[in-house]
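Peer 1: Below are the chains, spelled out letter by letter.
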Amino acid sequence: MVRSTLLNSMTETDHSVQIRQLNYFFGQADLRKQVLFDINLDLPKGQIVIMTGPSGSGKTTLLTLIGALRTVQSGSLKVLNHELVGMRKADLVEVRRNIGFIFQAHNLFESLTASQNVEMAIELLNEWGNKRSKAVDVLTQLGLADRVDYKPAALSGGQKQRVAIARALVNHPALILADEPTAALDKKSGREVVTLMQKLAQQEGRTILMVTHDNRILDVADRIITLVDGRLETDETLDNFVEAHDPKALDRRMFIM
Amino acid sequence: MRRRTGLAWANLSYERRRLLTAIAGVSFAVLLMFIFRGFENALIDSQIQLLKLLNGDIILVSKLKQNMFVPEQFARRRLYQAQAYEGVEAAYPLYTTTAYWKNPQTKRIRPLRVLAFNPTDPVLPLSGIIAHQRELQLPWTALLDARSRPEVGPVEAGIVTEVAEQQVKLVGTFVLGTDFASGNGNLVMSDQNFLRYFGNLGPDEDRRDLNTVDVGLLNVRAGEDIDRLAQTLRERLPEDVNVFTKTQFMQQERDYWQNNTSIGFVFSLLATMSFIVGIILVYQILYTDVAEHWAEYATLKAMGYSNTYLLWIVIQEAMILAVIGFLPGLIISAGLYQLTASATGLLMKLTVTRVLNLWIATLLMCLISGAIAVRKVQATDPAEVFGT
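Residue numbers (numbering that gives the first Met the number 0), protein chains in the order written: chain A, 0 to 256; chain B, 0 to 387.
Rather than coming from a laboratory, the hints here were simulated on the basis of the structure.
These numbers come from a predicted model, not from an experiment.
We treat Cβ as the ideally placed atom computed from N, Cα and C, and that holds for glycine.
Where hints are given, some of them may not hold.
[What the hints assert, rightly or not] For lysine-lysine, the following DSS-like pairs were computed, each having C-alpha atoms within a straight-line distance of at most 27 Å:
1. B:Lys62 to B:Lys51
2. B:Lys375 to A:Lys88
3. B:Lys51 to B:Lys245
4. B:Lys64 to A:Lys150
5. A:Lys88 to A:Lys44
6. B:Lys64 to B:Lys245
[What the hints assert, rightly or not] Some but not every residue of chain B turned toward chain A, in silico, with C-beta under 10 Å:
7. Leu11
8. Ala294
9. Lys300
10. Tyr304
[Unchecked claim] One-sided excerpt, in silico: chain B residues whose CB lies under 8 Å from chain A:
11. Arg3
12. Thr4
13. Gly303
14. Ala382
15. Phe385
Full structure from sequences and hints, please.
Peer 2: Okay, structure coming up:
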């Protein structure tokens, strides 16, 4: 079902993500609470978008919705040309295979080597013959050529996060969703990780949506969107954002972030 | 084609100490099941070890003799009637009774089971009995079971003491073993001596003579269909005797102890409890793995792995535990079986059937644990990994 929709809508749009009038609620009946209000958002292919906003503004919820991790009932949410609204859970799993996820924690299996952790992702595509060489390739690109057979316990925080990124990127997903990928890293490793992501996005034309509070990495973004109380408040290019948040014209929002 | 990454084994073996605990847990549960099953069968097998040795293809007993405990006899002429049938080669009577034996050292009285037959008949072809055939024919002589309880006193040829308050001389020993019906041991004597000891008892005691038989043994000509012959005898002989093939006779005795006493129940309960303890142990191990790695498992789900795959991982872990926990359990059980057998004289046998049955039980034990533990994985929501 997913495959056929993919073919039919392949030519429809150049957007990786297309959101129209998306509302989302947590809870049932009396406890029902709306967390996202009338979101409209287009993410064109090849763009790096950073999403910011105060805690509890719904950033993570929006990220998980785009990531096909929750079922959606109203509005329209097209990810990689699949309409996720009303989709069955089993089909959502299929959509997720085309998305790369990077989390705040690396979430690597301690019991597997760096290469094996990456191979777990390749196996999803039923590719067995060259999975090892593919894993080594992507780890090499991320500067981990000499750490391929190390277990996470023997890697530094930055190296672990790079393995996690390798795992997210190895299948060449058209869309990458990252949640605070640099939060657990020091300044230098954080910068390295983001630069790598930027390089890969530019080389292979992938869309990256990143939630972050880390001001040090804002410069990699083509575009910055701000979510406040479940509503899309600003949607600006990097230059505008920097201008608006110029320390000379200090804005209270800076501190909230 | 390369193999799938062995996540199940990697996760299990990553923490050595936990893996060892897990193996020890499974092994212990396996060991307990083996020991309880072993004891149950030892107690029941001991009941039929005499029957197994009796030299008869078809067995006749009184209709009232439901098990070897019941002291009911049938008329000896039934044996002669049976012997007249085509195919029956020989018929031997076996007389049994319980008699008081005086320990020659402590002078204490202990009941023994007396097995009496014509020493020239091959009724109980044990080496010790065949060797002393001639001495048995002398009056006031008997053979004593070397595996009798120690309370019976020394067991060796030449001892003179009393049985049924009359003098007896031991002319040798044989090896049989005790069961419930022969609590302290067995005494073998000739049918003539049986008559001497038990034919002239006091007025309020049950006198015995050679006209009533406890167990009748029929030898069937080679090549004869034993089941059909037994069926014929069953139909033709008067209703006061039961006709069994030897296998049926042993099965009846076994069924009696298994079903009509609490032995079967008690040991089945103990084995079931070990099984449940095993389930809980394995569940703990699997649950800890899943709970500690929930974020990783949830990430796998986010990446596009299905619940079925995660279920398979946990089931694999369960099966690995079953395999590597069963072997040490089996080996230790085999050792304990030997130890128990030499210490108590009980028949502890590690049969292939029991090994297979308990292997299936172990596998089932681990799979049930896996099935319970896996619900934790299935409940894992990949959306929760974000924002933690």
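Peer 1: Decide, hint by hint, whether the structure agrees.
Peer 2: Hint by hint, here is what the structure shows:
| no. | hint | result |
| --- | --- | --- |
| 1 | B:Lys62 to B:Lys51 | 20 Å, holds |
| 2 | B:Lys375 to A:Lys88 | 18 Å, holds |
| 3 | B:Lys51 to B:Lys245 | 8 Å, holds |
| 4 | B:Lys64 to A:Lys150 | 72 Å, violated |
| 5 | A:Lys88 to A:Lys44 | 26 Å, holds |
| 6 | B:Lys64 to B:Lys245 | 15 Å, holds |
| 7 | Leu11 | 8 Å, holds |
| 8 | Ala294 | 5 Å, holds |
| 9 | Lys300 | 8 Å, holds |
| 10 | Tyr304 | 7 Å, holds |
| 11 | Arg3 | 6 Å, holds |
| 12 | Thr4 | 5 Å, holds |
| 13 | Gly303 | 3 Å, holds |
| 14 | Ala382 | 4 Å, holds |
| 15 | Phe385 | 5 Å, holds |
Of the numbered hints stated above, the single one contradicted by the structure is hint 4.
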